[in-house]
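Visitor: Listed below are the residues making up each chain.
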Amino acid sequence: MSEKVVVFQNEAGGISVVFPVENSVLAIEQIALKDVPYNIPYKIINATDIPTDRTYRDAWEMDFTEHDGVGADYGAGSHKAFVGLNEKGLPVTCSIIEKNGEEFVDYSAMEVEQ
Amino acid sequence: MAVIYTPHFMQFLDDNGSPLSGGKLYTYAAGTTTLKATYTTEDASIENTNPIVLDSSGRTVLFISGSYKFALYGSDDVLIRTTDNITSFTSTGDAADSFFESFSGTGAQTVFTVSEDLGTDEKLLMVFVDAGGGEGFNIQPPSAYTIDGTSLTFGAAPASGTNNIQVWAPSKLAAAASASAAAAAASESAAAVSAAAAAADAVLTAADVISTNADVLLTNADVVSTNADVVSTNADVVTTAASAAEAESAVAAAAIPWEFDASTTMGDPTSGKIRLNNAIPASVTQIAVSANSDATGNPDVSDFVATWDDSTNTNKGTVNIVNGDGPDKFATYTVTGVTDNTTWLQIAVTYVDGASTFSASDKLYNAFSRSGNKGADGAGIVDSVVSGDAITVDTTDASNPITNLDINKEADTVITASDEIVFADITDSNAIKKDTVQGIIDLVEGGDVVGPASATDSAVAQYNGTTGKLLKDGPEIGTSANNLVQLNGSAELPAVDGSNLTNISVDALSTASGSAPSYSLRAWGRFNGTGTPSFTGDGNFGSITDNGTGDYTLNFTTSMPSSVYATLNGGGTAASSLMALNAVPSTSAVRIAHKTPSSFADGDYLSVGVVV
Chain R
196 MSEKVVVFQN
206 EAGGISVVFP
216 VENSVLAIEQ
226 IALKDVPYNI
236 PYKIINATDI
246 PTDRTYRDAW
256 EMDFTEHDGV
266 GADYGAGSHK
276 AFVGLNEKGL
286 PVTCSIIEKN
296 GEEFVDYSAM
306 EVEQ
Chain F
20 MAVIYTPHFM
30 QFLDDNGSPL
40 SGGKLYTYAA
50 GTTTLKATYT
60 TEDASIENTN
70 PIVLDSSGRT
80 VLFISGSYKF
90 ALYGSDDVLI
100 RTTDNITSFT
110 STGDAADSFF
120 ESFSGTGAQT
130 VFTVSEDLGT
140 DEKLLMVFVD
150 AGGGEGFNIQ
160 PPSAYTIDGT
170 SLTFGAAPAS
180 GTNNIQVWAP
190 SKLAAAASAS
200 AAAAAASESA
210 AAVSAAAAAA
220 DAVLTAADVI
230 STNADVLLTN
240 ADVVSTNADV
250 VSTNADVVTT
260 AASAAEAESA
270 VAAAAIPWEF
280 DASTTMGDPT
290 SGKIRLNNAI
300 PASVTQIAVS
310 ANSDATGNPD
320 VSDFVATWDD
330 STNTNKGTVN
340 IVNGDGPDKF
350 ATYTVTGVTD
360 NTTWLQIAVT
370 YVDGASTFSA
380 SDKLYNAFSR
390 SGNKGADGAG
400 IVDSVVSGDA
410 ITVDTTDASN
420 PITNLDINKE
430 ADTVITASDE
440 IVFADITDSN
450 AIKKDTVQGI
460 IDLVEGGDVV
470 GPASATDSAV
480 AQYNGTTGKL
490 LKDGPEIGTS
500 ANNLVQLNGS
510 AELPAVDGSN
520 LTNISVDALS
530 TASGSAPSYS
540 LRAWGRFNGT
550 GTPSFTGDGN
560 FGSITDNGTG
570 DYTLNFTTSM
580 PSSVYATLNG
590 GGTAASSLMA
600 LNAVPSTSAV
610 RIAHKTPSSF
620 ADGDYLSVGV
630 VV
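Protein chains in written order, with the working numbering: chain R, 196 to 309; chain F, 20 to 631.
Just chain F, with the same shape it has in the complex (with noise of 0.2 angstroms):
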């Protein structure tokens, strides 16, 4: 259902008085700029058209639902005044005489209980439901609910709010409630008038309105003259302050509306509340807002203030801060970051520019512009560097190594061995890689390659195995541990202790002590020759040859160098055993004759021995 805003016949009239011939009336959603519908009917059933276009008397039939801001133009289309919230019903619920109760939706409830009997006829009452989105207040139809006494019953469960649902009966009609239902609606009507009154005129009082809108009902042919008045007189009262509210209208469009909370702590400043975290707005560096607007039904606002910082440039964007009092009274500042702490949320910000302080409770709007994203990086050539610029390369970004460095000293000029090239802080050995490392040998045309300072002096470089290039440290030379040996200038080895010698046993090679030369035995065996001949233990003695009783060749692995040497022969375990040569030494064999003493005769531990 939906109520009248005025007399059936709304007038409207230039700032001559004269009748607003042609004008247009455009009605916008309350607090937006969004075109709202209003009725030609009572049940809403015919809409006007948007822009409502004035008769030759400047009149109208206007029946409303729920919240609108309406903006008055001429025929001209020049705007004459705008005026915003305009609810035919809030003002009046606080009348003494009326009744009004709100409740809170769960989302769920469809039943509640209100204070009063009511009575049993819905069209007595006025119900409206905030459904949450910014929209506000809107009146329901009967349909929507039943009354029976204090049960007040939703067909559906109306949106989860605080206080977003309100029942109102004003106390004429509620003192009629078993009355026609004819009666109702002129009550009704008359409730609507006063309501338009109120939300238009803002000096007169409810009583004043309800007032006239008897007269309004009982003197018919007074009717439309008496409204005109009212019309007139509102008129009059809202140019009066139009020049408040319709710079603050031109403020609030595309912005966000909080109400500045003086403290500088940054933390939740509560519901519909601002803070900047420096009084002086050139100082601020942080902004704390609520998740909740100002603006009516106080919004969640948050997902769209957290996208603050959603731009990849450093600068993210600018917000605009206007005092509602005139845009006079501002400041701006770059957006850095957003930090979102569910309630509440954090904005980093940079001061830009910006003129007088805010003051505790005046209303703020925010318009943010967001910055483009942050575009490609170039793969361009740097084209000149000079003297004492600083070229920082970036290591850890692997796949963006540097791949052609070239360096001239100037562009005629090439860099020789007596220039310098530095590289600092150079920690790690991969950090130099082999071109680099080439690039600079081929740079300096010959000249030295010098290795990093050390305390270590004559280090022996060496090559890596593969590429030939790389450098890699090298061993010390001396006689320490994992030293490299020289040879002295003699093309001697230096004097070592035989000690360290210990993979050569020097030790096993002779004790002999004095000066006298001693030597080693190029071969030696023991055999047995008994049975099966054969060697119990031997050195370069590769077989023996049975050739007899008492009869053995002994054949060395490698060649005496000579058949000049001495055998060292030691007999058996028999009696009167002896052991002698029996042939002509040779270079590649002994032959060994075994005899006890006179006759040849096979013998057990047999030794000889062959020293050079």
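Next comes chain R alone, as it looks inside the complex (with noise of 0.2 angstroms):
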């Protein structure tokens, strides 16, 4: 498991811990962007502050006064999608086209977010 998790306030105003796979391809800040909601923000904090008693696990609080940053306009919910790396190490996205309450990747439109 990674030594670093990324933690948000979700929708229903609880917190929500985003635990990376053993050997992401992707740094923690990158996973932080693309899987942090849009404009949600966030921190980024040792995996061994998470609490492992979960009996109250939807009364978890924490205070995003100040945070590490916000997930960016291709992360969950937002109207991008990630599609990978170049060979620089930043992010190639496509725009989503919503067609019927379903989201389609536009391929023939790829940009690098810097």
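Here are the computed lysine to aspartate or glutamate pairs in the DMTMM-like style, where the Cα-Cα straight-line distance is at most 20 angstroms:
1. Lys614/F with Asp253/R
2. Lys348/F with Asp372/F
3. Lys614/F with Asp248/R
Read the hints as simulated data drawn from the structure, not as lab findings.
If you follow the hints, you should be able to join the two separate chains into one complex; please do so.
Guide: Listed below in structure tokens is the structure:
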């Protein structure tokens, strides 16, 4: 398991914790930008700071007044899809087209996020 | 000590018997043209001039020491006669009533034991030593040795040699061993006379000469005339034999004598001899000569003969072999090589010219003239090569590569594509260098570059990655090992047995049977939602978001092409475990809820598959 995790406040007011997979090709900061919903503040903390007692899991709280960043516009629930990293390690995204309530990735127009 | 050659006043006569007034006598070391001194005194303290100019009576005083060659000229410098090998004592040593004994020096031995008691007076002996070097025997002064009965002791060890020490004691002198020095001197003079006479006159015997000299000693008044008669007689004899002797002397000048051995076997001919490998001089290709010539003392000439092939020319030189019988019997060869076998030498030759043949025991005189060394190879340009000429290139000489090769069919035309340039026997791929190939391409003006004939057809040429010009052997097109795969006419890969595609693992892609297509998962994962949520295994999932109890978002590493995908969910081990979507699917993630059955609950062994 990664030594770092990303935490943010979800839409229900609870705390979501993002755990990277082992040997992830993405750095923890890239994961945070990609997997935290668009414009939601997040913190990157040590995984050991996460309680292992989940008895009151839904009652967890955290102050995000100070945070490490916010979810990128290609993050979860955004209008862009993350399709990989370019040779410089920068995110490559494509636009998402919504049709009949479904999302479709438009691969004809890729762009590199700075 | 020197000894007298003839009575003190030796007289020479011309062909008319008249005294040779103003004549000149040149004296040389025997067998050579090296001037050798004679003396006007018995103790060799005063040298004669050389030549000796005879007085108005044709006389001179002459004492000699060792072996000589005399050349007598008139006052007009015209040669009258030449007489060689004049040594005062050798002949008389054989006299029955004299003592003569020889020893072989070692270079270290100083004391020699003679077989008879020779008394104690060194002056009554005549001791000769050949020190080598071709000069022959030289008489030793009494101060050089002592005699005590049978012990002959030298002050310095004579040189090494075979029978190179000779001790002579004339019988009359031996009998008077205790007589006075004056008597001994007289006897010594008589001995000298006998030796000289015997050497000069081949007809007279030693006994005759000695008796004549006895007259000389006894009849002072007749001494001169008697000896004059003797000399005159000798002169006649010498004159009679002069033609052959002078011919031989002329041949011998600057030549090496060997005695002919008729054997044609190329081996050691033994000392002083020469062999030819064919009895017919014109067919001779090899000559074997002893390391020692047949000259007096058999001097070692091997070092000189060994130089006969020193010239760097193919033709090392020319050796002219002349029979001592006369220059009309000869054979001339060019020398191509010499092999030194220590005791003998083998000379490779090519016949040039000759006359007559040689007989066993003939004395052959060998004169060698050396060729000059080969000159430096020229560095010029070949002016022209015509059709049919062969040009040989020595590719082993890396220091002299061909740097500029222009080929024109004719002076005013160029080689075109229809002309053929053939490179024969090129087997080394490096033999044709880049520039050469490029030159050929240029010469044929865009024509095809034709590769070597090969049983392999349709081979693909590969180009050197550095210069882009060198052609190399390429792989064949086909379906065998190391072949290149070529698309078929429909831009499709040729049918290849899937079992050969070992690096693709086609068998792992699908095991479906029937004609219905099969589809692959775009992402899969199994995770444990209890405690700290984490994937046990996954594909294309980059993270898992723990949103609360039983609420997980599985984030794709690479987005799905659309949200229109199916998820295959598997519950955990809890009773009534149920997996369901907890949000509308998106291209970036799928949110899963785990319930038991209606309440959210963390679950273990939760599985998700995504297929599009």
